[in-house]
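These are the residues of each chain, in order.
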Amino acid sequence: MTTTPADPALESRLQAGFDATIGRHDRIEPRDWMPDAYRRTLIRQIAQHAHSEIIGMQPEGNWIGRAPSLRRKAILLAKVQDEAGHGLYLYSACETLGVSRAELTDMLLSGRQKYSSIFNYPALSYADVGTIGWLVDGAAICNQVPLCRTSYGPYGRAMIRICKEESFHQRQGYELLMTMMRGTDAQRAMVQESVDRFWWPVLMMFGPPDAQSPNSARSMAWGIKRNSNDELRQKFVDMTVPQAEALGVTLPDPGLRWNEERGHYDFGEPDWEEFAAILRGDGPCNAQRMAHRRAAHEDGAWVREAATAFAERVAEDVR
Amino acid sequence: MSADRREWPLYEVFVRGKRGLNHVHVGSLHAPDDAMALRHARDVYTRRNEGVSIWVVRADAIAASSPDEKDPLFAPNGDKVYRHPTFYDIPGDVPHM
Numbered sequence: 001m002t003t004t005p006a007d008p009a010l011e012s013r014l015q016a017g018f019d020a021t022i023g024r025h026d027r028i029e030p031r032d033w034m035p036d037a038y039r040r041t042l043i044r045q046i047a048q049h050a051h052s053e054i055i056g057m058q059p060e061g062n063w064i065g066r067a068p069s070l071r072r073k074a075i076l077l078a079k080v081q082d083e084a085g086h087g088l089y090l091y092s093a094c095e096t097l098g099v100s101r102a103e104l105t106d107m108l109l110s111g112r113q114k115y116s117s118i119f120n121y122p123a124l125s126y127a128d129v130g131t132i133g134w135l136v137d138g139a140a141i142c143n144q145v146p147l148c149r150t151s152y153g154p155y156g157r158a159m160i161r162i163c164k165e166e167s168f169h170q171r172q173g174y175e176l177l178m179t180m181m182r183g184t185d186a187q188r189a190m191v192q193e194s195v196d197r198f199w200w201p202v203l204m205m206f207g208p209p210d211a212q213s214p215n216s217a218r219s220m221a222w223g224i225k226r227n228s229n230d231e232l233r234q235k236f237v238d239m240t241v242p243q244a245e246a247l248g249v250t251l252p253d254p255g256l257r258w259n260e261e262r263g264h265y266d267f268g269e270p271d272w273e274e275f276a277a278i279l280r281g282d283g284p285c286n287a288q289r290m291a292h293r294r295a296a297h298e299d300g301a302w303v304r305e306a307a308t309a310f311a312e313r314v315a316e317d318v319r
Numbered sequence: 001m002s003a004d005r006r007e008w009p010l011y012e013v014f015v016r017g018k019r020g021l022n023h024v025h026v027g028s029l030h031a032p033d034d035a036m037a038l039r040h041a042r043d044v045y046t047r048r049n050e051g052v053s054i055w056v057v058r059a060d061a062i063a064a065s066s067p068d069e070k071d072p073l074f075a076p077n078g079d080k081v082y083r084h085p086t087f088y089d090i091p092g093d094v095p096h097m
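The listed protein sequences derive, respectively, from chains A and B. Take the first sequence: its position 293, counted from the start at 1, is 293 in this note's numbering, and no numbers get skipped. Take the second sequence: its position 40, counted from the start at 1, is 40 in this note's numbering, and no numbers get skipped.
Hints were generated in silico from the structure; no laboratory data involved. For every residue, glycine included, the Cβ atom is placed at its ideal position computed from N, Cα and C. Hints are all accurate, no fakes.
Chain A side only, calculated, beta carbon under 7 Å to chain B, not exhaustive:
1. G85
2. S92
3. S100
My request is simple: use the sequences and hints to build the entire structure.
See the structure below:
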């Protein structure tokens, strides 16, 4: 790992090289020199992203044992397994910046690093499995596709793998909801109720409005982010409205209408106080998600220790 | 420090997409030993028929060129245009060249 040297002339030469690479829209690779703030920003963002994939297994994981058919169970199991895989790709990318897996796990478990606010909402019905796939994974795809071109090589490569797999997540969710919408009135009501609950929290997934997102400009200048929060939120709404119409559900926003002049849908403001409360840890499921993650980590300790002990004994036998 | 706090070594994972292709680096993972690294690599990197063969190698066994050596290592090739077939003028009517 390179650190910032004390020699100012050398440092300005290294900084110029870094700036030139970013300026060419070329990628920064792990052993290249990079400013400390760039490294810290990436560690925070990639770690938060990795933690979100791992915590994100919980809301849907609860439904695996209660899936309505073997087909749905196999699909949900594969989806939740993918989330674990995505977390692992991202932890690996983050570790290339010089932080260890144990440190990252500690920072999640001690609450020093966050995960996406959306996973602090409960999944109350099987329709939520569909809505999470359609809207939550749909919003994640909107956020993630531009990150395939992010300036840090390992992060971009992890995002490419993830985006390929997310498409299955979104389509299985939408198909699940379509199936329910062709069912009984009660099933249709269940879908609508689920969409009503998730719509606003999903819009919050893109983060605070640009005016209140102080680090965004710097992340854009560094090529870590490629689009602003508000741009991505608008893009998501524009993509989702026709999908909601095809599905036959209403989105719970009286202000939602096509604006001919802008060429985009106008939409209302999410409740940013609710968002702030969730980030503070006061959402409906924050405590439950963290308790479950801690228990899983502690309950798995003997497996990690046994595998280590076995590897050591085999290595000794060879000697 | 319990055994748990000791990190498993890092492995780099290479996958052959199909017969006839090279193994290509796809990512990395931690595992206590080679056998577990292969199992984890299968679960993490080949859930959708991405490959027909996997290599795992401990990251600390890889020797790599340094970014600082980029110029002395690669620059000497820059002016050797005669290594490329397009350097040579051959009349257009000469067949199969």
